[in-house]
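J.: The lines below spell out each chain.
Number of protein chains: 2
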Amino acid sequence: MTNLEQMGQQAVNAKYEIQLLTTERKNEALKVVANKLIEKKAEIIKENELDIQAGKEKGMHSGLLDRLKLDEGRIQAMAEGILQIVDLPDPIGQVIEQFVRPNGLQIEKRRVPLGVIGIIYESRPNVTADAFGLCFKAGNVVILKGGSDAIHSNIAITNAIREGLKEAGIVQDAIQLIENTDREVTKAFMGLKQYVDVLIPRGSAGLIRTVTENSTIPVIETGTGNCHIYVDEFADLKMAADILKNAKTQRIGVCNACESLVIHKAVATEFLPMAKEALSESQVEIRGDEETLTIIPDCAKATEEDFGTEYLDYIISSKIVNNVDEAISHINKYNTKHSEAIITENKENAEKFLKGVDAACVYVNASTRYTDGFEFGFGAEIGISTQMLHARGPMGLKELTSYKYAITGNGQVRP
Amino acid sequence: MTNLEQMGQQAVNAKYEIQLLTTERKNEALKVVANKLIEKKAEIIKENELDIQAGKEKGMHSGLLDRLKLDEGRIQAMAEGILQIVDLPDPIGQVIEQFVRPNGLQIEKRRVPLGVIGIIYESRPNVTADAFGLCFKAGNVVILKGGSDAIHSNIAITNAIREGLKEAGIVQDAIQLIENTDREVTKAFMGLKQYVDVLIPRGSAGLIRTVTENSTIPVIETGTGNCHIYVDEFADLKMAADILKNAKTQRIGVCNACESLVIHKAVATEFLPMAKEALSESQVEIRGDEETLTIIPDCAKATEEDFGTEYLDYIISSKIVNNVDEAISHINKYNTKHSEAIITENKENAEKFLKGVDAACVYVNASTRYTDGFEFGFGAEIGISTQMLHARGPMGLKELTSYKYAITGNGQVRP
Numbered sequence: 287m288t289n290l291e292q293m294g295q296q297a298v299n300a301k302y303e304i305q306l307l308t309t310e311r312k313n314e315a316l317k318v319v320a321n322k323l324i325e326k327k328a329e330i331i332k333e334n335e336l337d338i339q340a341g342k343e344k345g346m347h348s349g350l351l352d353r354l355k356l357d358e359g360r361i362q363a364m365a366e367g368i369l370q371i372v373d374l375p376d377p378i379g380q381v382i383e384q385f386v387r388p389n390g391l392q393i394e395k396r397r398v399p400l401g402v403i404g405i406i407y408e409s410r411p412n413v414t415a416d417a418f419g420l421c422f423k424a425g426n427v428v429i430l431k432g433g434s435d436a437i438h439s440n441i442a443i444t445n446a447i448r449e450g451l452k453e454a455g456i457v458q459d460a461i462q463l464i465e466n467t468d469r470e471v472t473k474a475f476m477g478l479k480q481y482v483d484v485l486i487p488r489g490s491a492g493l494i495r496t497v498t499e500n501s502t503i504p505v506i507e508t509g510t511g512n513c514h515i516y517v518d519e520f521a522d523l524k525m526a527a528d529i530l531k532n533a534k535t536q537r538i539g540v541c542n543a544c545e546s547l548v549i550h551k552a553v554a555t556e557f558l559p560m561a562k563e564a565l566s567e568s569q570v571e572i573r574g575d576e577e578t579l580t581i582i583p584d585c586a587k588a589t590e591e592d593f594g595t596e597y598l599d600y601i602i603s604s605k606i607v608n609n610v611d612e613a614i615s616h617i618n619k620y621n622t623k624h625s626e627a628i629i630t631e632n633k634e635n636a637e638k639f640l641k642g643v644d645a646a647c648v649y650v651n652a653s654t655r656y657t658d659g660f661e662f663g664f665g666a667e668i669g670i671s672t673q674m675l676h677a678r679g680p681m682g683l684k685e686l687t688s689y690k691y692a693i694t695g696n697g698q699v700r701p
Numbered sequence: 287m288t289n290l291e292q293m294g295q296q297a298v299n300a301k302y303e304i305q306l307l308t309t310e311r312k313n314e315a316l317k318v319v320a321n322k323l324i325e326k327k328a329e330i331i332k333e334n335e336l337d338i339q340a341g342k343e344k345g346m347h348s349g350l351l352d353r354l355k356l357d358e359g360r361i362q363a364m365a366e367g368i369l370q371i372v373d374l375p376d377p378i379g380q381v382i383e384q385f386v387r388p389n390g391l392q393i394e395k396r397r398v399p400l401g402v403i404g405i406i407y408e409s410r411p412n413v414t415a416d417a418f419g420l421c422f423k424a425g426n427v428v429i430l431k432g433g434s435d436a437i438h439s440n441i442a443i444t445n446a447i448r449e450g451l452k453e454a455g456i457v458q459d460a461i462q463l464i465e466n467t468d469r470e471v472t473k474a475f476m477g478l479k480q481y482v483d484v485l486i487p488r489g490s491a492g493l494i495r496t497v498t499e500n501s502t503i504p505v506i507e508t509g510t511g512n513c514h515i516y517v518d519e520f521a522d523l524k525m526a527a528d529i530l531k532n533a534k535t536q537r538i539g540v541c542n543a544c545e546s547l548v549i550h551k552a553v554a555t556e557f558l559p560m561a562k563e564a565l566s567e568s569q570v571e572i573r574g575d576e577e578t579l580t581i582i583p584d585c586a587k588a589t590e591e592d593f594g595t596e597y598l599d600y601i602i603s604s605k606i607v608n609n610v611d612e613a614i615s616h617i618n619k620y621n622t623k624h625s626e627a628i629i630t631e632n633k634e635n636a637e638k639f640l641k642g643v644d645a646a647c648v649y650v651n652a653s654t655r656y657t658d659g660f661e662f663g664f665g666a667e668i669g670i671s672t673q674m675l676h677a678r679g680p681m682g683l684k685e686l687t688s689y690k691y692a693i694t695g696n697g698q699v700r701p
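Protein chains in written order, with the working numbering: chain A, 287 to 701; chain B, 287 to 701.
Worth flagging that the hints you see were computed from the coordinates, not collected in a lab.
As the structure is a computational prediction, the values presented were derived from the model and not from experiment.
Accuracy of the hints is not assured; some may be wrong.
Computed spacing ranges between beta-carbons, pair by pair [said to hold, decoys possible]:
hint, chain 1, residue 1, chain 2, residue 2, range
1, B, Asp611, A, Lys619, 48 to 58 Å
2, A, Pro583, B, Glu314, 43 to 53 Å
3, A, Asn500, B, Glu470, 15 to 25 Å
4, A, Ala552, B, Arg387, 24 to 34 Å
Beta carbons are placed, not taken as given, at the ideal position from N, Cα and C, and that holds for glycine.
Bound conformation, chain A alone:
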């Protein structure tokens, strides 16, 4: 048995304990863990400094170094994040449906934990605590594989959480961290189907692609968002400009930011200068199709690739269409099934867009930036699912569960 398989077996052993814990026991443990993170902050910061030092030596750029950095405030925030999870309702044990069959069998569909969740993530060490908190509250065990850049921080955080669990009398293997960050180990982890029930990658498009291509464990694909705003011929153009500005520039590097503008030709001449103005404060570059160029000639020409790109930058593509159907086709061709918006005062077009656009979240007259677990009222989230199976959109506690059928009879046999 390899080291990884041993971790897998330990996780399976732990899951049968964790899934039986009462809500009270789980909440108590989360509180102890939150306190333990604060208690251990000096050690965590010390280990984090090793990562920062290594990052600097590798020439890591300042944005990444900032994401990697832990200080008292960020550790406090990590602990508070866990305490917020305490306040969320426990999804486990909920009876989703119940029915009685003509033969007298009573069938209950009960919400249960997924089991062992594997999480593969990149440099942000706070994911270690967040992911544990959410998975644990939903009765799951986690095996974490963080990036090599944050390995000292991740070990320190995991150790603090495990100490907290021990103090709370909970099996420590509710969280395990893979300390060897070699590529080969990561690949072997993705083959641990016998032990791991679900794998969730959190990070760049490249990471997610690697995981979906190599994992034999079922994957929940999260993440990339090539989100569109379609300004319909019946749009309130002032509202459209405000929403565009918000969706594109309020936070630039996030998956629910707008990357593509689609405009009905009837309002393009009036709206494009308004769009340019709205985006000018942040100096957003517009890359337009030919018709866009005829209206605002000083912008760059959009290539086929532009329409399919999640820029995560101060760039936006622009496409002019003849009607809402063409807008829907364009979006379905290029989007990543994340978040899409129509701005219109016309109910029929709104409903057409809601029905026709293939995405986890489809908006009428609101910013795509609302695709977020907190904004949906789910509390913290583990990510935004962009696949069709299991869960779509923001994934909170409920999305970290499965169900089982509990069937009670009095001796029924099948005729």
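Chain A is already provided as a structure; the job is to place chain B on it using the hints.
T.: The following block gives chain B in isolation, referenced to the frame of chain A:
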């Protein structure tokens, strides 16, 4: 673009049409398709004869030949299966949840089709019609890959369905069959992630393993069932013997048949001879652990492998345990998360078993043979899911859907 990619693109084009069809249109089309199958029965039977002939030449054994064989009655049954789907409620468009956020955003969680479903199956040609009917009613498009043994039958059935669709004015690519049954083509199909949303393998454990190991498309794992019956110390032993007989022998080659018997030591001496008697009519071989052997010495000794085997045959393993906790651990160690039963009059043990056993369907005092879409009242089923994600247990129409969030605002932007 390869031939397969072309099929993928055609499926994607078709899905945007199919997912917008009203229930009435879908039902009408299903009726036309059912009639068309009957109209084309002579052609289908003629093509089926080619498969039967080839099977005989290959020395296919009689059980398989029988599964492959189509006659008027079976084609009639296929058509009736499709007509039954007409009567099932349409899950699409259902609003699963709705809520309003403090900022006024109205959020609707709407049920939508999965999109393009790939199905890889083995020799039974009736799967072609069944799978189409279920997927289509739930608004999905299918790409089918059947076994080479049934290729002539599958082509004939698919052609009939496509003709029916054409007659009903529906895009024919709602169903496509991969006619090239080479291994390499199947492998390429499993990599068609860009076009296919979900892959469902239907068939042997080997087929399912191949698919989960090679697919980059999300897979719904169906199938294998190493199902246990645990006879508790508080069991009604007569009931236990009846349920055991039913679960083991009523139909031998199915995934919800019982493969393993677990008995509380307090009742083993009394129950084992009853079990032997109940199974004797079908001449079931019992393979027991050492304690079983002390009670019924003429049975074979069970190996570690026996406890993990889905026999699909007149064989059962037997294990004696000290208490319900040990029964749960034994089952969780060896089961395939399909269907498990406890026979007991003790409510506490029943609930412990329901909570502790990790399986899609957990029974108290009933036969595991009830794990079935019809028996659950779902109507026809596409398979029994044994994984944690998306759906567990019998998968009917609802399990062939996903959801999207439709969010309506009046200009909300994120602060």
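J.: So, for every hint listed, does it hold in this structure?
T.: Evaluated hints:
1. Between B/Asp611 and A/Lys619 the beta carbons are some 56 Å apart, a value that agrees with the proposed interval 48 to 58 Å.
2. Distance hint for A/Pro583 and B/Glu314: a CB-CB separation of about 52 Å, consistent with the stated range 43 to 53 Å.
3. Between A/Asn500 and B/Glu470 the beta carbon distance is about 20 Å. The supplied range of 15 to 25 Å therefore holds.
4. Look at A/Ala552 against B/Arg387: about 32 Å separates their beta carbons, and that is inside 24 to 34 Å.
No hint from the list above goes unmet by this structure.
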